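Protein sequence lines, in the order shown, are assigned to chains A and B.
Here the first sequence is numbered in this note's numbering, starting from 1 and rising by one per residue.
Here the second sequence is numbered in this note's numbering, starting from 1 and rising by one per residue.
Simulated from the structure, these hints should not be mistaken for lab results.
One thing to keep in mind: the hints can contain errors.
The list treats identical chains as one, so a pair stands whether inside a single copy or across any two.
Claimed, not checked - Computed cross-link-like contacts, DSSO-like style, restricted to lysine-lysine with a CA-CA straight-line distance of at most 30 Å:
| # | residue 1 | residue 2 |
| --- | --- | --- |
| 1 | 71 | 137 |
| 2 | 244 | 15 |
| 3 | 93 | 244 |
| 4 | 157 | 93 |
| 5 | 71 | 208 |
| 6 | 71 | 93 |
| 7 | 30 | 62 |
| 8 | 30 | 244 |
| 9 | 208 | 30 |
A quick note: this is a predicted structure, and the numbers were derived from the prediction, not measured.
Read off the chains here:
Protein chains: 2
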Amino acid sequence: MTRDEIQQIRSLGDKRVREETGLFVAEGEKLVRELMASDFRAQRVYYTEGDFGPDTERVSPKEMERISYLKTPTNVLSLVEIPRRRFDPVALKGRLTLALDGVQNPGNMGTIIRLADWFGIRDVLCSADCADCWSPKVVQATMGAITRVAVNYGDLKAMIEAVGGPVYGTFLEGEPIYDATLTHGGVIVLGSEGRGISPETERLVTRKLFIPPFPPENTGSESLNVAVAAAIVCAEFRRREMVK
Amino acid sequence: MTRDEIQQIRSLGDKRVREETGLFVAEGEKLVRELMASDFRAQRVYYTEGDFGPDTERVSPKEMERISYLKTPTNVLSLVEIPRRRFDPVALKGRLTLALDGVQNPGNMGTIIRLADWFGIRDVLCSADCADCWSPKVVQATMGAITRVAVNYGDLKAMIEAVGGPVYGTFLEGEPIYDATLTHGGVIVLGSEGRGISPETERLVTRKLFIPPFPPENTGSESLNVAVAAAIVCAEFRRREMVK
Chain A
1 MTRDEIQQIR SLGDKRVREE TGLFVAEGEK LVRELMASDF RAQRVYYTEG DFGPDTERVS
61 PKEMERISYL KTPTNVLSLV EIPRRRFDPV ALKGRLTLAL DGVQNPGNMG TIIRLADWFG
121 IRDVLCSADC ADCWSPKVVQ ATMGAITRVA VNYGDLKAMI EAVGGPVYGT FLEGEPIYDA
181 TLTHGGVIVL GSEGRGISPE TERLVTRKLF IPPFPPENTG SESLNVAVAA AIVCAEFRRR
241 EMVK
Chain B
1 MTRDEIQQIR SLGDKRVREE TGLFVAEGEK LVRELMASDF RAQRVYYTEG DFGPDTERVS
61 PKEMERISYL KTPTNVLSLV EIPRRRFDPV ALKGRLTLAL DGVQNPGNMG TIIRLADWFG
121 IRDVLCSADC ADCWSPKVVQ ATMGAITRVA VNYGDLKAMI EAVGGPVYGT FLEGEPIYDA
181 TLTHGGVIVL GSEGRGISPE TERLVTRKLF IPPFPPENTG SESLNVAVAA AIVCAEFRRR
241 EMVK
């Protein structure tokens, strides 16, 4: 590999460079094969062993170590085109959708995209200050879910209003989720790790929920990690659909 | 601060040094005050502003930056004695307990301790290869829960057998958790990020559970993050206690 090539791949850790080039990095045999089998277009595939078809490039383990974003590099790394999707609020009506208001930790972002996939949620709306879903850390943390879940960045308020319908959010003063009526579709808002849901987004919330601690009077702990709260809320929405 | 002092604090990122000195690092006003108000003993407290009582040491923001393990240092950092607890399986009988089999990501470890606290689970059993709960990253990720949840490291099999009672674990071939009978107490086993529950620990599992995806035939996604699975399982155990 040339120095320029290695440098280009290393620079894709930078969001600005990803936006300029329209490329993101995906690593690992399972993820790369999933991407190649999907609508995504792999622009380049570098591998140390295995067979990834024509127009792929065999590199040495030393080169792989230099281009990989993982502590323990795998046998394959690809540069994949970031899909250009148009946000279509009409398609989201009546479905369950997540709205992330400033979720900044890449691990949380990836974990949320992964659990959205598990629970059949196809769309995640993100405020502009959320972690970028195309960063190497997030892509890897989604464990392939990024190929099936559409993540839309933009004006969160405008997106939520365009989708319409009930808007749920978790608040300490909310109604215990197990007592609440939950609709089939709706937007579930999740706040940032440090500040929770912003006042501007809170104004859009029509149904405040609360995940009860145990025992209910347990007041020592004050909060749950955002991905954990997302998981419990999504699981409860889906449980209601399955257990009548 | 002397160079040696700074060096000592920096070295506490290393597990071996924590074991030798019996100290861990805790940062941030809320966490430090929680620790000082608890049974924990803060051996030293360094602060840039505020009042943390006698025998504490004011340092410059520049010094704080050098000793802090956080990207954005706070106003206070303390060195706290690691409590010496004896594992008492008898006290755990009839209670809900988590058993972690090789959970290696510090963020997952901290998130699991935090949610254990939320759900009134006072004990977490860990195999020796789990992330160390006294590492700076885990301590911070617990958001103070480490002061209320006892984490025991050792021979996981021996600890689970000593506690006795039903042993739950999540497996793709398990019974959907919403159909399963759940007992008041028991051990919930959670596997490592990469390999899941080890065959040796699996042999101890008496009740295999499964978190259903949605829709149930959704087979694209294959797994959930371990902290997310822990959250959904714990929430369901506690929901059953609250909603009869």
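Inset, instruction - Provide an ascending list of the numbers of those earlier hints which the structure does not satisfy. - result: 2, 5, 6 and 8
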